[in-house]
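Construct the entire structure; sequences and hints are all you get.
So the sequences go chain by chain: D and H. Start counting the first sequence at 1; every next residue gets the next number (UniProt numbering). Start counting the second sequence at 1; every next residue gets the next number (UniProt numbering).
Treat the hints with caution; some may be incorrect.
Copies of the same chain look alike in the list, so a pair counts if it works inside one copy or between any two.
[Unchecked claim] In silico SDA-like cross-links for lysine to any residue, where the CA-CA straight-line distance does not exceed 25 Å: (1) K195 <-> A316; (2) K416 <-> T374; (3) K388 <-> D308; (4) K65 <-> Q255; (5) K318 <-> V202; (6) K343 <-> H95; (7) K343 <-> H96; (8) K192 <-> E293; (9) K56 <-> Q73; (10) K195 <-> R119; (11) K65 <-> Y51; (12) K56 <-> P8; (13) K343 <-> M30; (14) K56 <-> E124.
Source of the hints: derived by calculation from the structure; they are not laboratory data.
There are 2 protein chains.
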Amino acid sequence: MSEQIIQPRTLRGFTDILPAAGQHRRRMIMAIEDVFTSFGFDPIQTPAVEYAEILKGKGGAESDKQMFEFEDQGGRAVALRFDLTVPLARFVAQHHARLTLPLRAFNIGYVWRGERPQRGRYREFLQCDADIIGDTGVTADAEILSIIQTALLRMEIGPLVLRLNNRRILNGLLENLRLGDRIVAVLRALDKIDKIGPGGVVAELGGVGVSSAAVDRILAVVGCRQQTNEQTLARMAELVGASAEGEAGLAEVRQVLDLVAAATGRSDLVRFDPSIVRGLDYYTGVVFEVMHEWAPEVGSIGGGGRYDNLSGLYTARKLPGVGGTIGVSRILSALEGLDRLPKSGRQRTLVVVTRGPECDSVALAGIAAAVRATGTFDVDLFPARDAKHGAQMKYADSRGARYVLTLDPEGTVSVKDLVSGMRTASSVTGAADLLAKWEAER
Amino acid sequence: MSEQIIQPRTLRGFTDILPAAGQHRRRMIMAIEDVFTSFGFDPIQTPAVEYAEILKGKGGAESDKQMFEFEDQGGRAVALRFDLTVPLARFVAQHHARLTLPLRAFNIGYVWRGERPQRGRYREFLQCDADIIGDTGVTADAEILSIIQTALLRMEIGPLVLRLNNRRILNGLLENLRLGDRIVAVLRALDKIDKIGPGGVVAELGGVGVSSAAVDRILAVVGCRQQTNEQTLARMAELVGASAEGEAGLAEVRQVLDLVAAATGRSDLVRFDPSIVRGLDYYTGVVFEVMHEWAPEVGSIGGGGRYDNLSGLYTARKLPGVGGTIGVSRILSALEGLDRLPKSGRQRTLVVVTRGPECDSVALAGIAAAVRATGTFDVDLFPARDAKHGAQMKYADSRGARYVLTLDPEGTVSVKDLVSGMRTASSVTGAADLLAKWEAER
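And the structure:
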């Protein structure tokens, strides 16, 4: 078509997913969707592109800077979504009259952030969000933590920890310190503590006029994690001092821990960690992050929190929300990097039907269809008439096939198990039953 | 957070998917993925955003005009993909050394086209593509038609017809008429024949210097569909005249019809229709479109074809391809418009666990978990402590729940079947087994 070859390449921070990783991605999403629906959540979708005014100024200065913004053909200022939570807040404000509230919804889709690409951090990545809208209680908070924990366990991706906190605790402390108006600056600084260290936090907060005594109090609270949740709760009760907001936040943490343990049957995965603040401005209560113990350096592979005022940007109606997300792109990247992905993500056993130059193509298509109709196999009909048998066997092997069927010109089917080496001959009509029997017996 | 309320709205041509439609969308995608994998196809993904030079000039003037193009933060000229085929051609050119060829891959993702929105036509829509790369034979063509037909039947969306043609037939005719260099203009005009009529085609082709005798020959070929495929094949053999290319195209049509019938067990769904040309420039052989008999006015709900030269834009290596797509967004819109979607797209029976102000929240979370663990139910734990029982029953009804569980302050669970009206009392530990028994017996 063209004379000049265009270099085939993707943009930095954008990646292709090849077949093996694609199978794992699909297996993970199937596990997530199965768990999300089992909690009574319904799938919804919002567009990738929204009016810029809907998205901007909601996540904070950082996400505004990273936003992919442009003008569409009609000259409208639009942007690619940078998360799924802000569009959801717009969605419920727009459609609340048609929705059953409290809404239990999940949304699986890509989001875009123009951040500096590094391992596990992409400019395009898949998020799997579950949210409850229209309720302010801890039962909803606990449902979100439970659904995220259950989905992560179902994904079988290795050892995890969910770190839980509540913004009301920090709010209470800042009120006591008469720093309520500097909450955003404090959150920003604390969210970077892993990068800039406590010294960096001191410097940054000093810069906005927070006294060093106040910074010390804040750092003591943030750094107070003890051996057990009970110990951390006890120590925090002393540290936050008398503050209705702080006490309410601590009580919520306690209740959420109990409810998640009851809902998931496990109390060892959620850690109360007062250092968790989350980078986004819109959180108002519970916040949490999930870390993978094999790959802490990729950052959080999930997280979420309560955002009671976000929909208020779009409607006068009260639509408080709480939600969580699983970062499938980051999990895939982490496990690939660690070489910890299982060999195959395929659900069914693969059969390759090979072909000779003289075999009957129509008969072959019928054999493939019959084997597929058993429901037990994925069946791959090799397309090229003129490929050598050896090349086709090599193909079957590199595809991870377990069985190979070959039709000879006389109409006999040769059936081979590539693992056991077992081999036999069958009629055209008997091949599917024979394979199903082998598969059931192995 | 803000004083001024921002109007919650989506861009024209972009739509939200609400829970009921979302369930159907998910059910359709699950059916498609199950069929695609059963044919031995592996899931892959390419980015939504690509270098503009990768995407532009590949589909034709129309798709270039409709493309969402912009500059990213680094000043690079980028665009949103307008289909999944051009990115796939780039993908195989880039990764062929790491892929097992022939590649059998599927890709499910959104694409963006800034066309005039109308019923069933969106600016953002979901495509589900399956492709074979690295083979030129009719077996691969037939596999693609078979996989698309099988997936559409599995989706249970009502009566369909797949209309099949082959570009080589028209190419042969144009060669005979010494119009080979005007192929693109002829294809463009013919693709619009439903809109502009034969008169419009005559005018448009006259404008590029095609004689009226030649236009008559072309229109006779394009309009020659007969009662049966056999009759159309016979009539076309007369019309295309002596042309190696035209005869090869007809022979391919005949073989594909036979192979698809063998692979799917049905020969009534694929119609040889010489009027099908497809609007995109890159097709070189087989082309097909799927029409829904209930909603022909929404246009094709699927289609595809062979594109042997597309990867040649990105690599000197020969990577011929054939693929098909299913337009889930358009199918959903058509069935919604016709009120033909089944009432629920849910896979499992829904149970709502209600709550009173004095009931034990931890016990309630345990009951919900136990019912969920049966694997038979989706379980929705109503979050609000203070909601009245009547409001919770109304909620359960509007969610489409079959069963409701209520825990009284004494620790007894009341179990109710909303359809039969049956109701009984159970212990906390016995509720899950009881429900599973009811469900198995109904």
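Results for each hint:
Taking identical chains as interchangeable, the C-alpha atoms of K195 and A316 are never at most 25 Å apart, the minima being 39 Å within one chain and 46 Å between chains. Proximity of K416 and T374 under a CA criterion of 25 Å is satisfied intra-copy only: 18 Å inside one chain copy versus 39 Å between copies. Taking the closest pair of Cα atoms, K388 and D308 come within 25 Å of each other only across two copies (22 Å); inside a single copy the shortest separation is 65 Å, beyond that limit. Taking the shortest Cα distances, K65 and Q255 never come within 25 Å of each other, neither inside one copy (37 Å) nor across copies (56 Å).
Taking CA atoms no more than 25 Å apart as the test, K318 paired with V202 passes in neither setting, with 37 Å inside one copy and 61 Å between copies. With identical chains, the CA atoms of K343 and H95 are at most 25 Å apart between copies only, with a shortest distance of 20 Å across copies and 44 Å within one. Proximity of K343 to H96 under the C-alpha cut-off of 25 Å is restricted to the inter-copy arrangement: shortest distance 20 Å between copies versus 45 Å within a copy. With identical chains, the CA atoms of K192 and E293 are at most 25 Å apart within one copy only, with a shortest distance of 20 Å there and 58 Å across copies.
Proximity of K56 and Q73 under a CA criterion of 25 Å is satisfied in both settings, with 20 Å inside one chain copy and 16 Å between copies. For a Cα distance limit of 25 Å, the shortest separation of K195 from R119 inside one copy, 16 Å, qualifies, whereas the shortest one across copies, 51 Å, does not. For the identical chains of this complex, K65 and Y51 are neighbours both inside a copy (16 Å) and across copies (21 Å), given an alpha-carbon limit of 25 Å. For the homomeric pair K56 and P8, the shortest alpha-carbon distance between copies (13 Å) is at most 25 Å, but the shortest distance inside one copy (33 Å) is not.
In the homo-oligomer, the alpha carbons of K343 and M30 lie at most 25 Å apart both inside one protomer (18 Å) and across protomers (23 Å), since each shortest distance falls under that limit. Within a single copy, K56 and E124 get their C-alpha atoms as close as 18 Å, and across copies as close as 21 Å, so both meet the 25 Å cut-off.
Hint compliance for this structure: hints 1, 4, 5 are broken, all remaining hints hold.
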